[in-house]
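Colleague: Given next are the chains, with one letter for each unit.
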Amino acid sequence: MYNTRVRGVLIKGNKSYSDITHEVLRPMNDKTPMWWWVTAFLATGALFWGVWGFYNTITTGIGAWGLNNNVAWGWAIINFVWWIGIGHAGTAFSIFLLIVRQKWRTSINRAAEAMTIFAVMAAGLFPLIHMGRIWDGFFIFPYWNTRGPLWDNFNSPLFWDVVAISTYFMASFAFWYIGMIPDFATIRERTASKIKRKIYGVLSFGWIGNAKGWLRFETAAILLGGMAAPLVVSVHSIVSMDFSVSVIPGWHTTIFPPYFVVGAIFSGFGMVLTLMIILRKVYRFKDIVTDGHFDAVARILTFISLIMATAYLTELFMAWYSGNEYELFTFMQNRVTGDYTFAYWTMITCNAIIPQLFWFKKIRKNIPMVFIISIFINIGMWFERYVIVVTSLSKDFLPATWATYSPTITEIAIFVGTIGLFLLGVLMFFRFVPTIAISEVKSVLKETTTLKSFTDED
Amino acid sequence: MEKKYWQSIEEHLEVKKGENVANNKPQPEFSIEGLDETEIKGKSSRRDFLKMLGFSVSAVALVSSCQMPVRKAIPLLNQPADLTPGVPNFYASTFFDGNDYCSILVKTRESRPIKIEGNDMSPISQGGTSAKVQASVLNLYDDARLKNPVKVKADTDWETMDKEIMNNLESLSLSGKKVVLLTSTIISPSTKKLIGEFINKYPNIEWVTYDAVSYEAIRKAHELNFGEAIIPTYSIENAKVVVGFNADYLGTWLDPVSFSKQFSKNRKLFKGNTNMSRLYQFESNLSLTGSNADYRYGIKPSQEATVLLNLYNEVAKETGMSTYNAPASPVDVKKAAKDLLKNKGKSLVVSGTNNLNIQLIVNAINNALSNYGQTLDLSRPFNLKQGNEEAMAKLVKQMNNDKIHGLMVYNVNPAYDYYDSKAFVNGMSKVKFKVSFADTKDETAELCNFIAPDNNYLESWNDAEVIKGEMSIQQPTINPIFNTRQFQDSLMKWAVISGVFRDYLENNWKTILPAEGNFKTKWNQTKHDGVYSYTIEDKEFNFAEQKLAAGKPSSGIELALYEKIAIGNGKYTNNPWLLEMPDPITTATWDNYVTVSVKYAEENSLKFEDVVKINGSIELPVIVQPGQADGTIGIALGFGRTAVGKAGNGVGKNAFSLANINGNISLLGKEVTIEKTGSTYPLAVTQIHHTMEGRAIARETTLPEYKKNPNSGNEQHLIDEKNNATLYGKIDFDGIQWGMTIDLSTCTGCSNCVIACQSENNVAVIGKEQVKNRRIMHWMRIDRYYSAEEANPDVYHMPVMCQHCDNAPCENVCPVAATNHSNEGLNQMAYNRCIGTRYCVNNCPYKVRRFNWFEFSNNNQFDYNMNSDLGKMVLNPDVIVRQRGVVEKCSLCVQRLQDKKLTAKMENRELRDGEVQTACSQSCPTDAITFGNLLDENSQVSQNVKEDRMYHLLEQLHTLPSTSYLTKVKNREV
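Protein sequence lines, in the order shown, are assigned to chains G and X.
Sequence positions in the first sequence follow our numbering and run 13 to 470.
Sequence positions in the second sequence follow our numbering and run 5 to 978.
Derived from the structure by calculation, the hints contain no laboratory data.
One or more of the hints may lead you astray.
Sample of chain X residues at the chain G side, in silico, Cβ under 7 Å [stated by the list, open to error]: (1) L382; (2) E697; (3) P813; (4) I839; (5) W857.
When the alpha-carbon atoms are kept at most 20 Å apart in a straight line, the in silico EDC-like pairs for lysine to aspartate or glutamate are as follows [as the list claims (entries may be wrong)]: (6) X:K196 <-> X:E606; (7) X:K726 <-> G:E337; (8) G:K208 <-> G:D42; (9) X:K611 <-> G:D351; (10) X:K776 <-> G:E337; (11) X:K407 <-> X:E394; (12) X:K524 <-> X:D507; (13) X:K650 <-> X:D867; (14) X:K472 <-> X:E232.
Covered stretches of chain G (chain X as the covering partner; in silico rule of three or more C-beta atoms under 8 Å from a C-beta of chain X) [as the list claims (entries may be wrong)]: (15) 29-43; (16) 147-158; (17) 224-236; (18) 399-409; (19) 412-426.
Here a beta-carbon is modelled for each residue, glycine too, at the ideal position from N, C-alpha and C.
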């Protein structure tokens, strides 16, 4: 088949269309491997622990957590923002790279989108469980009622959150699902099992792959993409407003919306790297998800890391430049120095310093290193949220009210439970859905690229 | 009938068959055609049986599990004329527990007392209360109270008990064996008269008065100097300079409520008044008074006499009195002496140390300054603290020598609080006949054969004469809840005096009230007012000089015991409100501890919560206390009780045994050893950061600066006011904008308001563990800050509750609009709407919002008053008990506002200023809190807001609070 060494290819290995189909669907046809069962078992265990955390919280009250009169938000909100951030990657990946015509995205976008769905699901649990009266949670939706003037408060960022996240979830889900329709049809055609054929038949909406169908499909994808693109920006901007709309020093900053969106993409891409490296390894997708892909993502992360560093520096600068004694205290005496230095400097190290290693090609090409750095990014971004939520609340305006916060076992259980839920979702995805967009990969199979990442020698 | 068409022959036959059937038998309306045979015959198959079984079981389970809880409400069969459900009745009464006195109004709802207010008509307490007084209503509903008379640890009935006790008393009387009636200080003339009659009936009875914390040295010193063993009335109000020595007169010493009232009169600044008294305090522990003093000096207890003698010499030099040789004073007394001399006759020196020599020096100084007859009134002495230490010591000795055959204990608990309680307990084991009148099975009552449980004071009749000439009435506000009988009725029964004490009291008052006029009218008026004064002629007293001596120097660590403002000497150790009240100085709850000086802690590397052993026996955790005098440590009394009730048992350690027995029983000065144990013990404090970090939170200035510039110390306010700008229009109010001012100059931090608020608003008690988790539910807290040097800091007390911002950060962020703004400026909470996101808690810059972390009522995890049917009777029915998961906070007592608004509406008039009071402002003993309508130009609160000292807390945030603070002014030289 036609190929050239001068310009890099996106898909390696001189594959035919049917090779692609075979390779991507192979895991679904094979016997479920042992590692899948082991991981699924562990994930279910984690999930059950989380269910216990939920149960304990609902039966005893939020008092089961480590919060207090001063620090009234803790791990629940930290983890909520962390998961939402991770949930940014898929849609951002697909849509932004679509807009900038980065065709290499096709190998990764399906998995990234799936990750988005499960991460947003995990994130959505936290606002629920952190409510004092979860049984009255429906008050937050604007619905007709008999309470007269007592309605939702449209000024509240929490209300915006509800709207933004549910919209984002629905749009992401639709985008992900519609992208899978041709692939479901492929499975339907290939499977021998009657039941599977029935299921995938329903899932594929009777896709027959005719030109009309493709035309509609493309249009729907572009339309949805266009709709979802602003959501990527809005959802984390709005999450950031939970903080920036408040008066608390360390929260009340105008930099938050862009800073949060960039941070979210940062953590999302980090998580994409983590998952794709695993996926590629266990399913041997080396030719479809090439080192060139990781190299490209690593380059993006390096750039975002610089933006993060700029944001951190800007925060410090503004704290000083504003002349606001409270803000100065929060940043200089409760983050850079003080009780929470560990969290702050972990954040700086993991988010702004370690990713700079990606400047070196050797490291970008060293997949274990890339994997480790991607884990560091995930940790660093968790600490960023920890720093924002806890340090700002623990020492705010009146020193008499200052308090410290540490989580209880229940909060840890809930967090671990959501990791279990996420993992279980990802495992199901690995098992029952084509993890790589077959039809899209096929569309770039014959393409070459001028991208540096892909042109370099192996 | 419908015509039937057929398509085939078969079908035709079928139709025909049907027709035949129809023709033969008329079709009934209900047809059983198509049913199985078994179904028609009513038999059920095994399957059906299982179905039915399943249905009925699940239906029963569903119905039974949905049963509503049974709530008890007993309507009145015959409704009393003056009782309307929902409308409170107020009764004037008197609080006296053997130590503290307060004239009070008791608020009752549906015949149960739920709140204590100060009695405005009292010239003594003047409408003020203390935390103990506020919380005393909870003691009425204490589960630990005895429900029946007890005979040898088993319940009995009064008849049996009366018979046995009278038999015992009579046989002891006939054989002339000694019986002792051991009581607390009794200030009731009627009770005293009754005890006299009781002793007449049984002449073998000796009456001994005992105070857990003795003030005998003051009486003795006055006996030596003036010939009468009295405690004079101190007038802090008339004193321009008050020099205190280990006397916490604003917190615990003698009559703190009335002293606080007087203190505030002398410290209140307003336009046109720049006069202020000056307070000097020489002390070992940092007391509430010390924290409010203008000049404070740390001294060791052993130095007190020396310092006083130096002060005396300084004064005597100028006034021509004889001086004494004294070692040099460790602290400067010249300044205090100069001020005292400048204010001869308008000054006051007091000491709380129960030491005769010290009290003699104090008297000598006051005499040299001609304060007697001016700020010290010998003609109208205090009747408080009549305890006799010698008599008590003799009693213990005689008990141990088998000389005492009967003991009757009323309102005291020496088995717990006598310094040598072992000897007392040992002595008691040798006494055959022991009667206690305790209302709970306390440490002493446990050792008695009989307990004739006394009523709670809210169930009893009595009177009181706290200061000679100042009488007050105590009347019951509820029928005895249990099968108890008030002490006086028991005495009357046993002394065979007919009638009840109510009539006895009334008869006695016939001799007290003036003879002219109708007694019934006057008596009713007295009961209505709660107080009655009669004039006393001034008596002549001549000062007899006594020899004075300096103190013996000591190099060891000296202990200074003290009473906590909340717990006192242990009477209230089972009161969860008081146990959870943060100490105004240390902010600690639920424990006692050792306060050590910063220097000592550094030298011995002691940290907060390190456990130390005192005298090798008592292990207590440490609090490093700025202001603790070098070479001293402090421990609070009242803890370590073993038989007080479920809340207080085993809380802290008993320190009474560490009293200094040198002449008199003094709380101060025992030399102790202190060793580190290496272990730690958690302490629940409500504040972990103690400085203001240079922020303009509690603002202060000095009097000279204030005179020069009334804005001094408050410059930030002018800047903030100038910078305050908004894009939004002015807020519209509906005729009323509720507002509050808090004068930091007069606020002493006594925490009375915290308990008043808790009592009014059903604030939950959450226990030590949750306080430690920083989840205290108090709607009102007193922030305490230190500044200046660690060894002797300046202290600021700052009450903070919801500031009711007109631009409230909390309102903006609630997603369900559960917190919103009223058109009267209130920041309101709709508990039913709250879903508990706690965003408002975070966004409140004052951190006054409280989240219900748990279900605090009906929850065995929080086994306090809201978990018992009896304890719940104290709840204010006008205020809902908040559910788990909702946020609550100060409502400015919205139920009171509504009540008074309705009253005014019914009377078709406008609200008067001062008519509406919040719980905190009403009972404030220093009138630091003012509440009213900011839109009313003439209201007191509007006047206060116009003061130059006014500022809002964190006003640069533009939250536009309705609450303002007035700068603290210290009467110090620049």
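Colleague: Next pair to validate is K776 of chain X with E337 of chain G; report whether the Cα-Cα distance is within 20 Å.
Modeller: violated, 29 Å
Colleague: According to a criterion of three or more residues whose C-beta lies within less than 8 Å of a C-beta of chain X, is the region 399-409 of chain G covered?
Modeller: Holds, because 4 residues of the region 399-409 of chain G bring their Cβ atoms closer than 8 Å to Cβ atoms of chain X.
Colleague: When you check the alpha-carbon spacing of K650 of chain X and D867 of chain X, does it fall within 20 Å?
Modeller: Answer holds: K650 of chain X to D867 of chain X is near 8 Å, not above 20 Å.
Colleague: Under 8 Å between beta-carbons, do enough residues of the region 224-236 of chain G, three at least, approach chain X for the coverage claim to hold?
Modeller: violated (count 0)
Colleague: K208 of chain G and D42 of chain G were given as a pair; does the straight-line alpha-carbon distance stay at or below 20 Å?
Modeller: Holds: K208 of chain G and D42 of chain G sit about 14 Å apart, inside 20 Å.
Colleague: Take a quick look at whether K472 of chain X and E232 of chain X sit within 20 Å of each other, Cα to Cα.
Modeller: With a Cα-Cα distance of about 14 Å, the restraint between K472 of chain X and E232 of chain X holds, given a limit of 20 Å.
Colleague: Would you say the region 412-426 of chain G counts as covered by chain X, given the rule of at least 3 residues with C-beta under 8 Å?
Modeller: Since three or more residues must qualify, the claim that chain X covers the region 412-426 of chain G holds, with 5 doing so at under 8 Å.
Colleague: Is the shortest C-beta separation between L382 of chain X and chain G less than 7 Å?
Modeller: violated, 44 Å
Colleague: With a C-beta cutoff of 8 Å, work out whether three or more residues of the region 147-158 of chain G approach chain X closely enough for the coverage to hold.
Modeller: Since 4 is at least three, the answer is holds.
Colleague: Within the assertion that chain X covers the region 29-43 of chain G, do at least three residues meet a Cβ-to-Cβ distance smaller than 8 Å?
Modeller: n = 0 at 8 Å, threshold three: violated.
Colleague: Can you confirm whether the C-alpha distance between K407 of chain X and E394 of chain X stays at or below 20 Å?
Modeller: holds, 16 Å
Colleague: Is the interface hint for I839 of chain X satisfied, with its Cβ closer than 7 Å to some Cβ of chain G?
Modeller: holds, 5 Å
Violated hints, listed in ascending order, are 1, 6, 10, 15 and 17; each of the other numbered hints is respected by the structure.
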